[in-house]
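Residue numbers (my numbering), protein chains in the order written: chain B, 4 to 644; chain F, 4 to 644.
To be clear, the hints were calculated from the coordinates, so they are not data collected in a lab.
These figures come from a predicted structure and were not determined experimentally.
Hints may be right or wrong, so weigh each one.
Since copy identity is lost for identical chains, a pair holds within one copy or between any two.
Stated by the list, open to error - Pairs of lysine-lysine residues, derived as DSSO-like cross-links and limited to a Cα-Cα distance of at most 30 Å, are as follows:
#: 1; residue 1: Lys634; residue 2: Lys107
#: 2; residue 1: Lys148; residue 2: Lys624
#: 3; residue 1: Lys634; residue 2: Lys276
#: 4; residue 1: Lys139; residue 2: Lys307
#: 5; residue 1: Lys153; residue 2: Lys621
#: 6; residue 1: Lys624; residue 2: Lys46
#: 7; residue 1: Lys178; residue 2: Lys534
#: 8; residue 1: Lys136; residue 2: Lys621
#: 9; residue 1: Lys624; residue 2: Lys139
#: 10; residue 1: Lys307; residue 2: Lys624
#: 11; residue 1: Lys104; residue 2: Lys634
Protein chains: 2
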Amino acid sequence: VVESWSFLDTVESNFRPLVVIELAKGTKEETIEWFTKRIVDKKANGGAQLLIKPLVMENGVENIYLVGASHLRLLLGAETVGLVKECSDNSMRTFTYSSRKTFKDFADDNHNFLTMAECQYIIKHELENLRAKNEKMIPGYPQAKLYPGKSIVRRLLTSGILVQIFPLHDREELKKLRHSWYGRVKVGYQPLDDIRCYFGETIALYFGFLEYFTFALIPMAVIGIPYYVFAWEDYDKYVMFATFNLLWSTVILEVWKRICAVLTYRWGTLLMKRQFEEPRPGFHGVLGINPVTGREEPVYSSLKRQLRIYLVSLPFVCLCLYFSLYVMMIYFDLEQWALDYHKENESNFSSLMLYVPSIIYAVVIEIMNRIYRYAAEFLTSWENHRLESSYQNHLILKVLVFNFLNCFASLFYIAFVLFDMKLLRQSLATLLITSQILNQFAESLLPYWLQKRYNRRMKKRLCSQKTDRDLSIAEQVNMEKEMGTYLGTFDDYLELFLQFGYVSLFSCVYPLAAVFAVLNNITEIYSDALKMCRVYKRPFAEPTANIGVWQLAFETMSVISVVTNCILIGMSPQVDALFPDSKMDLVLTVALVEHLLLAIKFIMAFVIPDKPRDIQMKLAKLEFESLEALKQQVRAFQMQL
Amino acid sequence: VVESWSFLDTVESNFRPLVVIELAKGTKEETIEWFTKRIVDKKANGGAQLLIKPLVMENGVENIYLVGASHLRLLLGAETVGLVKECSDNSMRTFTYSSRKTFKDFADDNHNFLTMAECQYIIKHELENLRAKNEKMIPGYPQAKLYPGKSIVRRLLTSGILVQIFPLHDREELKKLRHSWYGRVKVGYQPLDDIRCYFGETIALYFGFLEYFTFALIPMAVIGIPYYVFAWEDYDKYVMFATFNLLWSTVILEVWKRICAVLTYRWGTLLMKRQFEEPRPGFHGVLGINPVTGREEPVYSSLKRQLRIYLVSLPFVCLCLYFSLYVMMIYFDLEQWALDYHKENESNFSSLMLYVPSIIYAVVIEIMNRIYRYAAEFLTSWENHRLESSYQNHLILKVLVFNFLNCFASLFYIAFVLFDMKLLRQSLATLLITSQILNQFAESLLPYWLQKRYNRRMKKRLCSQKTDRDLSIAEQVNMEKEMGTYLGTFDDYLELFLQFGYVSLFSCVYPLAAVFAVLNNITEIYSDALKMCRVYKRPFAEPTANIGVWQLAFETMSVISVVTNCILIGMSPQVDALFPDSKMDLVLTVALVEHLLLAIKFIMAFVIPDKPRDIQMKLAKLEFESLEALKQQVRAFQMQL
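Produce the complete structure using the sequences and hints provided.
Written as C-alpha cells, this is what we have:
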C-alpha cells in the first residue's frame, strides 16, 4: 500500500482550530518566532509538527494563536499518547497507526474517528512534550532558564510569557450536548458517552458517579420517608433502618467499582497504560541527575520535603483543627444564649432566633472551609512535591481531614457529649440544608449569572444582532478566553463526600437526610452541567480509569458510620429500656453488633469482585493475546537460529 | 556474528541428566516411542527439542528416562519462561537470547549461567507445554483422550501412564548447601540465596519468612521474660506489653513486605511477568471453546461450581465447625471431671491428671486438623476449579477457618465465657507446647528416621562400601524416586500462622508464648532444612514474588488480636479496680482504646510503603526505560512515513 498522505497537507484550507494559546501582551518578537517555529518544526528536528495560525484581533494586537494539526498528525499522536479505541470486532485495543484499518469507523477520510476532545488532548500532550534541545534559556528572556529535556511550555507558563492554553468549544456539539443533557425536562440517564466525548473521562466519570450515587440514595430516601411521616420511634425500626443503611452503603461502593470498570472499559481508559509522570509545573530544585530517567532535571531532597510536611504542615493542620473546635464551642455558647433568650421572652421572633446560631455556624463553616482550602493549597505547593499525583494526594488528605472535622465535629459533640438527640436532628437538618443551598449558589448560579451578564455586554459591544452560531472564530476566542477556568472535580467530589457523611453518619437519627440529598443531587446534576457548558472554558480531557482516592475516602466514611450508628442506637431510650438491669450488657451487645457489622462489611467488600465477569474475561483475553504474541515473537526469532 | 552453535549438539557426551520421568511399568512400546519422539522433536514440528535417555536398571526393566537439554536449548527456554537475571550493570532484566551478552557472568562456555534449579524449571515448563497436535488419544490408550492444544504430560499423568516427573538432586551442591545451612553450629542468617539457587524462590521465601518471623518475635520474647520471672501482675505493665505487641505485629508484617520485595527483586521474580494460567490437571468438563483463548478445552459451568460451593462445601464446613465445638465441650467436661477427681483424692497422680485432658485435647485437635485437611482437599478438588490458584485459595480458606476455630475456640471459651485467666494461661501453654512437639515429630523427625532406615537398607542391598559421592546415576535415581514428595509450603505456613495466633491473640495473659515460639522456630529451621535436604525428593523450583494469601491471613490475625487483647485487659481485676464506680466507663474506655488501636494499625499499614525506596526507584527506572523504548519504536515507525 502506498501512503497517499504526507505531512505536506499543512495547507490552510485544512486548518481546523483546536487549541488556543494566549501569550502575554508585549511578548518579544524573537520569542514568538522561536516558539512558533518549534511548534511547526518536524518531529525529526525536535518540533511538535503542529499547525499554528495567529488570530488577528480588531485592535491589531497579535498575542493569540490557534493551534491545529493535520489528520495524519493527529492519528500518529493518538498512537503516541496510547489511546485505546474500539475495533471492528467490538474489542478495545490500543490504537496504532499501522493497525488503523482494524478499528471501528476508521476511514482515511473520516475526520471524526478521533473526537474533538481526543484531538485537543493529543495537541496538549504534544505541546507539553515539546522539549528544550540545547537552549540555555528562552530567547529574549535570559531569566527563564532551560536545560535539555525541560518542557518548553511549562517554562513559558511558569515565567508568565504564556498566559494560558485552552481548548476551543465546539458550538454545534455543545448545543446538541446541552439539549440532550439538561435542555429538556425528562426522566432518564445522562448522556454519559456524549459528555465523555466532549469533556473527557474525568468529568464524565464524575457525572456518572453523581448520577449513580443519587440513584443509590433513593432506596434510603424511600425507606426514610415513613419514619418522618408516621414519626416512627420504635427501636426495632431504627435498628433495621441503620443496619440496612450500613450494608447498603458497602454494597453501593462495591457496585460502583464494577460500574466504573464497565464505563472506563467502554471508554478505553481502563486499558490505557499509565504515562510516565513528569515533574509538576511548580516543582523547583537545584539541577541534578534524576536517578530514574538519567536526565538532567531539578532535584529536591526527599528529607527536606518530609521535614516541611511533619514540622510545618502537620502542626499547621492541627492548629486549624483546634481553631475549628474553638469556633464550635463559641457556636454552642451562642446556641445556649438563644435558648435562654427564647425562654425569657417567648415570641415568634425568639423562636425564629433559635435557628440563627445554626445558620450562622453553617455559613462560618463554609467560609472556614474555603479559607483553609487556600492555605492547604499554598502549604502543599510549598512542600514542593515532584509529581502532580503526590501533590494532589497530600492536598486531598489535608482538606478532607479539616472539612470532616469542621462539618461533623459539632454533630459528634451534640451526639456523644451532650446526648441531645433532638438538638442533633435539628442541627443536622440545618447544616445539611444550609450547606446545600450555599454550595449551589456559590458554585453554579452566581458564576452563571456573572458570566451571562458579561456575555451579554460582550455581544452587545461586538455585534448587535448575531446569534451564537454566527460568531466568528475571533469573537468566540475572545469570549471564551475571559471565561473562568474549571479547576477540576475536587470540589464537586468533596461536596458529595460531605453529603455522604451527613446521610450515613447519623442516618438512624435523621432518616430524612437521604431525601434532601437526593433532591439536592438532582438539581446538582443540572447546575453542574450548566456550569460545565456555560460558565467555564472548556477543560482539556483527562483520561482516567477510576475516581481514585475518593473511593477510599467514601469507604472510610462508611466504616466510621458503622461506629457512630451503633453508638447512637445503643444510646436510644428504647434500646436502653431493653436492658433495664445492666447497662453493661447493653454496651457489650452494641460492641458485639458493631464488630459483626464491620466484619460483614469487610467480607462483603472482599467477596464482591471489583470487575464484572465479562470485563474480567475481556481483560484476560487481551492479556492472553499479548502473551501469545510475545511467545510467537520469541519463537520466530528462535526459529531463525 | 555467525552463530557457532546449532541444535545438533545433542551428542551424548554433552548429556547432563536434569529431570527424571518414571512411566508405569508395562507401558506399551508404541506409547513410549511416540512420547519420546515428541520430546526430542524439533520445536518447529511441535516437539520440546529436549534430550532423553532411558535408564537401564539392573533388572532390565526400562521405565525410567532421564531428560536433559543442550546449553543453547536451555538459554532459549529461559527466554520462553521469562526468566529475569542480573545484567552487567547490576540491574535486573528479562533475559533474552539476543541480549545475552549484556548479562552478568554470561559466557558462551559458562554452563553455570543458569542454575540447575532454573534448568529443571525450564525443562518442566517445556514438558508441560508439549501439546497435542491432532492426536485424538494417546497412542495405545484409546481411553486417554486428547484434543488439539491439550498438555500431553498432564493427560499422561491423569491417566496413570506417567507415574512421576521429578528433578534430580545435585549431590555435590546439596552437600555444600547442607553444610552452610545447618551443618555446623553457628549464629547467623541462613544462606537464602543458596537455598533459592537450589530449591527455587517459593521455598527460599518460606525459609526467609520463617527466619524473619523468628527474629521479629525476639523483642516480644525478651520483653515477655521478666513478666514471668518477676511474676508482674500490674495492669499498666500488661497494657504496655499488649500495646507494644499489637503495634509491633503491624510493623513486622509491613516490614516483611519490604524485605520480601528486596529478596524477590534480587532473585528476579519481582519483575517476572505472570504466565498465562493453564487449567489445573484435575479439572474436567465437556469439551467447549474457552472464551478467553478461543481454544478447544474442557469447560465447566461457573454456576454449577457455585452451587457445589454454597450447597455442599459450605454446609459441610459448618458441620465440621459444629463438630469441633462439640468436641471442645467434651474437653471441658473432662477438664471438670479431672478437677473434681483432684479435689476428692489429692495426690501427685491426681495433680498430674489435671494436665491429661489438655494434652488429649491437643492431640485430638491435631488429628482432627489432619482429617479435615483431607476432606477439604477432596471437596475443593470436587468443586472442580479451573485454575490452580483458585483451587489453592478455596482450600486455604477452608483449612484456615477450621484450624483457627479448632485451635482457638477452647481458648476463646475459657477467656470470654468462663473468665478463668489461670485456666486460659495453662491451656494456652499446653496447647502451644503440645502442638509444637507433635508438629516437629510428625513433620520432620519421623519421615527423616523412616527415610534413613530405608536408605540404609537400599545402600546395603546395592553395594556395600560406597559413599554418597560414588553412587552411580542409576543408583541415585533409584533411591530418589522412592523418597516422599514435598507437597508445598502450605503446612509450614499454616503452622506459623497458628503459632502467630497463640503468640498474639492472648499475648497479655501469657507473655511467655513468644519465648516458646522463638525456641520452636529455631529448631523448626533446622528440622525443615533437614526435611528438604534429606527426606524429600527435590521439588521443582516455583518462581514467586510474595507469600501470597498468607500475608492477608497474618494481617487478619493481627486485627483479631487487637480485639481479644483489649477485652482481656479490660477484664483483668487490676483494670477493673481502676473503675470502682462504673463498669460502664470501663467498657467504654476499652472500646475507645480498641478503636484507636485499630485506627493506628490501619494508618500505619497505609503509611509504611510496601517497597523500599531504592527498589521503587529501580522499578520506576525499568518502567521508564520500557516506555522510552516503546516511544522510540513508535517514533522510528512514524519517521518512515
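At 30 Å max between alpha carbons, let me know whether Lys624 reaches Lys139 within a copy, between copies, both or neither. between (49 Å within a copy, 27 Å between copies)
Intra- versus inter-copy proximity for Lys624 and Lys148 (alpha-carbon distance at most 30 Å): between (49 Å within a copy, 26 Å between copies)
What label fits Lys104 with Lys634 when the C-alpha limit is 30 Å: within, between, both, or neither? both (25 Å within a copy, 21 Å between copies)
At 30 Å max between alpha carbons, let me know whether Lys153 reaches Lys621 within a copy, between copies, both or neither. Close across copies (23 Å), not inside one copy (39 Å); limit 30 Å.
When Cα atoms must be at most 30 Å apart, do Lys634 and Lys276 count as within-copy, between-copy, both, or neither? both (21 Å within a copy, 13 Å between copies)
Check Lys624 against Lys46 for me: Cα-Cα at most 30 Å, and say if that holds within a copy, between copies, both or neither. The answer is between: 25 Å across copies meets 30 Å, while 35 Å in one copy does not.
Taking 30 Å as the upper bound on the Cα-Cα distance, should Lys634 and Lys107 be classified as within, between, both, or neither? both (27 Å within a copy, 24 Å between copies)
Taking 30 Å as the upper bound on the Cα-Cα distance, should Lys307 and Lys624 be classified as within, between, both, or neither? between (46 Å within a copy, 23 Å between copies)
Intra- versus inter-subunit Cα pairing at 30 Å for Lys136 with Lys621: between (43 Å within a copy, 27 Å between copies)
Given a CA cutoff of 30 Å, do Lys139 and Lys307 count as a within-copy pair, a between-copy pair, both, or neither? within (28 Å within a copy, 69 Å between copies)
Quick one: Lys178 to Lys534, C-alpha cut-off 30 Å, is that within a copy, between copies, both, or neither? within (14 Å within a copy, 76 Å between copies)
Checked against the numbered hints above, the structure breaks none of them.
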